[in-house]
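Asker: Take these sequences, add in the hints, and give me the full structure.
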Amino acid sequence: MQDLDDMLTQDTDLTNKFLNNFEKNATGEADRLMADLEGEMTNRFEHQDKLLGNMSQFIGRFQQTLKIFGKDV
Numbered sequence: 001m002q003d004l005d006d007m008l009t010q011d012t013d014l015t016n017k018f019l020n021n022f023e024k025n026a027t028g029e030a031d032r033l034m035a036d037l038e039g040e041m042t043n044r045f046e047h048q049d050k051l052l053g054n055m056s057q058f059i060g061r062f063q064q065t066l067k068i069f070g071k072d073v
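Following our numbering from start to finish, the sequence shown increments by one per residue and tops out at 73.
Hints in this document: simulated from the structure, not taken from any laboratory.
Check the hints yourself; a few may be wrong.
[As the list claims (entries may be wrong)] Between beta-carbon pairs, the in silico distance windows are:
hint	residue 1	residue 2	range
1	T12	M34	31 to 37 Å
2	Q2	T27	36 to 42 Å
3	Q57	G28	39 to 45 Å
4	T12	L33	27 to 33 Å
5	L66	G39	55 to 61 Å
6	F22	F62	57 to 63 Å
C-beta: ideal position from N, C-alpha, C; glycine also.
Answerer: Have a look at this one:
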């Protein structure tokens, strides 16, 4: 009976070790994924802001050009 108890204890210890290791690795991967995702989102927002700034500048200059041509006509 002691052998069965030892085997169950060893099996339980191995299972707990596996689960703890799995949880640690999964948490680490999730943290890295979130950091990468946050970096990607920041990068995309910065590019969108730059694109909108360029479009705004273009439209402003285009309107200025139309005002100049409108005065000459």
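Asker: Is 31 to 37 Å right for how far apart the beta carbons of T12 and M34 are?
Answerer: 33 Å, holds
Asker: In this structure, is the beta-carbon distance linking T12 and L33 contained in 27 to 33 Å?
Answerer: 31 Å, holds
Asker: Evaluate the given range 57 to 63 Å for the C-beta pair formed by F22 and F62.
Answerer: 59 Å, holds
Asker: Could you see if the CB distance from Q57 to G28 stays within 39 to 45 Å?
Answerer: For Q57 and G28 the Cβ distance comes to about 44 Å; the hint holds.
Asker: Falls inside 55 to 61 Å, the C-beta gap from L66 to G39?
Answerer: 41 Å, violated
Asker: Could you say whether the range 36 to 42 Å given as a hint is met by the Cβ separation of Q2 and T27?
Answerer: At roughly 37 Å between Cβ atoms, T27 and Q2 fall inside 36 to 42 Å, so the hint holds.
The structure fails hint 5 only (numbered hints given earlier).
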